[in-house]
Amino acid sequence: MSSVELRNITKRFKDVTALDDVSFSINDGEFFVLLGPTGAGKTTTLRIIAGLEHQDEGSVLFDGEPVDHLIPSDRDIAFVFQQYSLYPTMTVYDNLAFPLRSPMRRTPEPEIRRRVERAAETLHITHLLDRKTANLSGGEMQRVSIGRAIVREPRVFLMDEPLSNLDAKLREALRVELKHIQKTVNSTTLFVTHDQIEALTMADRIGVLREGHLIQVGTPDDIYDRPADTFVAQLVGTPRINLLKASRDNGTLHVDESTIRLPVPQGDHLPFSFILGVRPEDVKLSERGEFGGQIALIEPLGVETILHIRSGEQSLLSIVAGMTNLRIGDEVRFDINRNRLHYFQSDGVRIPVS
Amino acid sequence: MATIELRQVEKKFGSLHAVKPMDLTINDREFVVLLGPSGCGKTTTLRMISGLETVTGGRILLNGRDVTWVHPSRRDIAFVFQFFALYPHLTSKENIIFPLLAQGTPRAEAEKRVSEVADFLRISHLMGLRPGVLSGGDQQRVALARALVRRPEAFLMDEPLGALDADFRETMRAEIKRLHIAEDATTVYVTHDQIEAMAMGDRIVVMSEAVIQQIGTPAEVYYNPANLFVARFIGSPGMNLVNGRFADGAVHLPGNNHYPVPQEWLPALQRAIGREGDVILGFRPEAAILNENGALAAEVYASDMHGAYAMLHLNLNGDQIVHARAARGIRYPIGASVRFDLAPDMVRFFDPRTEAALPWEVR
Chain A
1 MSSVELRNIT KRFKDVTALD DVSFSINDGE FFVLLGPTGA GKTTTLRIIA
51 GLEHQDEGSV LFDGEPVDHL IPSDRDIAFV FQQYSLYPTM TVYDNLAFPL
101 RSPMRRTPEP EIRRRVERAA ETLHITHLLD RKTANLSGGE MQRVSIGRAI
151 VREPRVFLMD EPLSNLDAKL REALRVELKH IQKTVNSTTL FVTHDQIEAL
201 TMADRIGVLR EGHLIQVGTP DDIYDRPADT FVAQLVGTPR INLLKASRDN
251 GTLHVDESTI RLPVPQGDHL PFSFILGVRP EDVKLSERGE FGGQIALIEP
301 LGVETILHIR SGEQSLLSIV AGMTNLRIGD EVRFDINRNR LHYFQSDGVR
351 IPVS
Chain B
1 MATIELRQVE KKFGSLHAVK PMDLTINDRE FVVLLGPSGC GKTTTLRMIS
51 GLETVTGGRI LLNGRDVTWV HPSRRDIAFV FQFFALYPHL TSKENIIFPL
101 LAQGTPRAEA EKRVSEVADF LRISHLMGLR PGVLSGGDQQ RVALARALVR
151 RPEAFLMDEP LGALDADFRE TMRAEIKRLH IAEDATTVYV THDQIEAMAM
201 GDRIVVMSEA VIQQIGTPAE VYYNPANLFV ARFIGSPGMN LVNGRFADGA
251 VHLPGNNHYP VPQEWLPALQ RAIGREGDVI LGFRPEAAIL NENGALAAEV
301 YASDMHGAYA MLHLNLNGDQ IVHARAARGI RYPIGASVRF DLAPDMVRFF
351 DPRTEAALPW EVR
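If you're matching them up, the sequences are chains A and B in order. Here the first sequence stands for residues 1 to 354, where the numbers follow the working numbering. Here the second sequence stands for residues 1 to 363, where the numbers follow the working numbering.
Okay, chain A solo, but in the shape it has when bound (with noise of 0.2 Å):
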């Protein structure tokens, strides 16, 4: 396997800058995500890896060497799609053997078959390595296409959205196969995907784009607790951060049309006007609660509730575990998690506090 890296990578079509000034690496055996909506890059990224298009500035380095002039065929990569382009008629064997069989490697048989049977263990389809495609479940179909990409043994693994087309319980079973198999192979990885639960559960490192711009890359823990700005701080987790206008007066955090009161935290230079972020997690029901509020709405999800806490004439997210005998209009008394707040500019931008 191989680290990547993309240096000052910058791509136009016609007036439209698709990507900009894009820089990051992939170590040796990395599981790392690109993660943004739709229109944000992050397939023309993957496809600038592959050679399959070509970037107006910078490079792209494999194992610190440029691989810019190499066609795609040599740059020794594997593929998997949303799409399986498999060969309905051919056996989950022949699929898998296919890329082995290409008179590029011309790979001895005995060989294919080590490679192959080995693949289909790692990802439990044994089992199917007679029987033809066209008769696969979707899931399966998906495992033999990550299988023929991992017979190969390519330099580097490129996913896009390879589970977006599955239904919810599949994609949650494949996500942790997929982790399993990436932590067993040691499989240098890009995973595109504009998930942030595939995101947050299967990356070591998440690249955030949007709109051609990288924004942010870190661990999920440091997407997650410490969002460069609230795009980042939207985009993951659920439900969604509180944002909330505030303000301060000396060393009195307000947050706007409440009764929400902080202290202004030490050492710090929090602007006149900014924004205050908790996620919901960090609002916590207490009947010593420092704030009041009236519950706005319940929604249970088994797991844990959801509560919409109505605190003047703001509106909070809450999270509570299992389910509640709270009622809609019930007053509730809350703490906010101080060591927990996320401070932004108005801009959006967020503002270090120790």
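Please keep in mind that the hints were generated in silico from the structure rather than gathered at the bench.
Residues from chain A that face chain B, not an exhaustive set, calculated with beta carbons under 7 Å: (1) Glu172; (2) Val176; (3) Lys179; (4) His180; (5) Lys183; (6) Leu200; (7) Thr201; (8) Pro220; (9) Tyr224; (10) Gly237; (11) Glu281; (12) Leu297; (13) Glu299; (14) Pro300; (15) Leu301; (16) Gly302.
Covered, in the sense of this in silico footprint (three residues per stretch, anywhere, with C-beta under 8 Å from a C-beta of chain A), are these stretches of chain B: (17) 229–236; (18) 284–290.
Distance condition first, Cα-Cα at most 16 Å in a straight line; then the derived EDC-like pairs of lysine to aspartate or glutamate: (19) B:Lys20 <-> B:Glu53; (20) A:Lys169 <-> B:Asp193; (21) B:Lys93 <-> B:Asp119; (22) A:Lys183 <-> B:Asp304; (23) A:Lys183 <-> A:Glu30; (24) B:Lys93 <-> B:Glu116; (25) A:Lys183 <-> B:Glu299; (26) A:Lys14 <-> A:Asp56; (27) A:Lys169 <-> A:Glu140.
Quick caveat: nothing in here was measured; it's all calculated off a predicted structure. Glycine included, each C-beta is placed from N, C-alpha and C at the ideal position.
Fit chain B to the known structure of chain A by using the hints.
Relative to the frame of chain A, chain B by itself:
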């Protein structure tokens, strides 16, 4: 006011049984969700209630009146399907007011009603704009306003949030529920998304393969699923279900694990299974509690971060993965050994032959 009653209602398309005879009563002002995977019969059920689809058998009563063979327009209940399909050449306001004027509502009253609704949905500032310049979420709000403005006695909604991205879905989910609470209109809501069903429904009708699997409140379907299908379908991930063998007061599980059956469950298991027999042990991910001296042992298969919490995927033996919810910061390397206990009140048992839950004993 609107009650909806289905008595032995069924639907066949040729040889395909889309809905097998079902009984369902939806109370006035209730929010009932029809939940299930595609092809389970939920949309067909909704369409039969609306009259867009005729029944093959059974009767449909609205407010006690048999409307089985009454034309949709004369069923005395206004139905709302998808929220999309706004007229692109009309402004938001014109889109919303249109159904009122078509009904013959005087303009002054219609105007008043539109501004009330726009206020409620916080879209007053969009009234002069055409749909083309609105974001997806705002379009959805305008469409919702158009449905709402007629003050129907019942809403029938078929996956109205299906086309939206996750972000807007969360917001609109709350919006529709807020609306329901304010308007008190009986609502039947079709979705394949169990989170939506749990968050919104007063009661959930879980369907699979043309049959109702369970009718219950969110708490009932979550804590006491009627069978394996419901146990798997509800929850994210679904309930952990482990094949085991009941003998000597314990369930013997893969990986040489023995789970001592809680005292209060023993009579139920003995009655259903006898002294010894196969059983399926079910528990939700949050019921697995990591504990160095726990009764059950497993190996970490994967672990991941979900934002506010972590999820451990544990391998009991070669092929049985169970999921355990854990505090953030708990991360184990793949292959690490862990032990855990199960919260006794969160344990469920299922009969592997019938797939039904064993009845919960009164303690």
